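Could you put the whole structure together from the sequences, leaning on the hints where they help?
Read top to bottom, the protein sequences are chains A and B.
Per my numbering, the very first residue in the first sequence carries number 1; after that it's consecutive.
Per my numbering, the very first residue in the second sequence carries number 1; after that it's consecutive.
Warning: the hint list may mix true and false statements.
[Claimed, not checked] What the simulated footprint calls covered on chain B by chain A, stretch by stretch (three residues with Cβ under 8 angstroms from a Cβ of chain A suffice, anywhere in the stretch; the number is not a length):
#1 75-83
#2 114-124
[To be verified] Simulated DEER-style distance windows between Cβ atoms:
#3 Gly-68/B <-> Arg-27/A: 19 to 27 angstroms
#4 Asp-83/A <-> Arg-162/B: 37 to 45 angstroms
#5 Ser-17/A <-> Gly-68/B: 14 to 22 angstroms
#6 Thr-41/A <-> Gly-197/B: 18 to 26 angstroms
None of these hints come from the bench; they were simulated from the model.
Just so it is clear, the structure is predicted and the values come from calculations on it, not from any experiment.
Think of the CB as a built atom: it goes at the ideal place given N, C-alpha and C, for glycine as much as any other residue.
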Amino acid sequence: MGGLPTSTVNGFAVHPSNPSVMYVAMRDGIFRSADAGLTWTPATNGPKNAAAVAVNPRRPTDVYAATMDGRMFLSRDGGATWDARR
Amino acid sequence: MMPRALASVLSSLLTITLSAATLTVAAAAEGSPAAAQVFDHVHALAFDADGRALWLGAHAGLFRSEDGGLTWTTVALPVTGHAPDVMAIAAHPGDVRTLYVGTHEAGVLKTADGGATWSAANAGLKGLDVHGLAIDPNAPDKLHAAVREMGAGLYRTTDGGRKWLRVDDGPAGETKVLASVNIPTGMGGIFLYAGTGEGLQRNPDCF
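As structure tokens, this is what we get:
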């Protein structure tokens, strides 16, 4: 489970049909893996202080994240880019 | 009599405070996510099987959104005195009505009607501080729970929460999130992933 910054993993979510694709929510932001957690890529503009992350099972390119303080963010491209929900 | 320098500092502070208050009101008026709902520390987020309802667990309880997190409604849980601190959510992968939540002080609660009614599902748990809850995507009556403090350890049910059995000590470090991931171990089971205070860990779920 390399490639993540050494800190607490707050949230975790998996692609429903391709479980090698997974996301973690951390203080440093959202990270994505396409190899079941061997290597990780940080989302470029994802939220910091991420508490939790969830993948829409019917539209897995839609990934949602919540920050510790309850702000919601949505990525429509499988975690590459993020926007605040408002 | 207040020294002039101090008065000046206090005046500046007052101005800053007032500005911050004005900003907060403006943000609320625009429906800012930050001001829309007070969760008081988010712990968990999960979709139902249809991708319609988004569930959020927080210190302030359990919340449900039907519009992808724009607006939220509080979901009442049968815990006396206060809303329980919802640490984990496990949504049934095929039945939108069935959901489990793990709480900081009341163990596991289960609904089979989309959140209208709940029952405790704690038989066999030696403690009620549940920080992780994972539902098996292939066999949804099989769940794992990570319990902290009293009775700490990893527990498993194979009958939808009617009875739990302690499996082992569970992941090292404080478990923050637990998930059953549909990746075969080659030993007849799948992997259990845990997000912890010591990073992401995984173990076969068959021990």
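Cross-check of the supplied hints:
Under a criterion of three residues with beta carbons nearer than 8 angstroms to beta carbons of chain A, the stated coverage of the stretch 75-83 of chain B fails, only 0 such residues being counted. Three residues within the 8 angstroms Cβ limit are the bar, and the stretch 114-124 of chain B against chain A gives 0, so the coverage statement is violated. Hint check: Gly-68/B to Arg-27/A, Cβ distance near 24 angstroms, so the stated range 19 to 27 angstroms holds. A beta carbon spacing of about 43 angstroms between Asp-83/A and Arg-162/B agrees with the range 37 to 45 angstroms that was offered as a hint.
For Ser-17/A paired with Gly-68/B, a C-beta distance near 20 angstroms keeps the hint of 14 to 22 angstroms intact. Range check, Thr-41/A to Gly-197/B: about 23 angstroms between beta-carbon atoms, so the 18 to 26 angstroms window is met.
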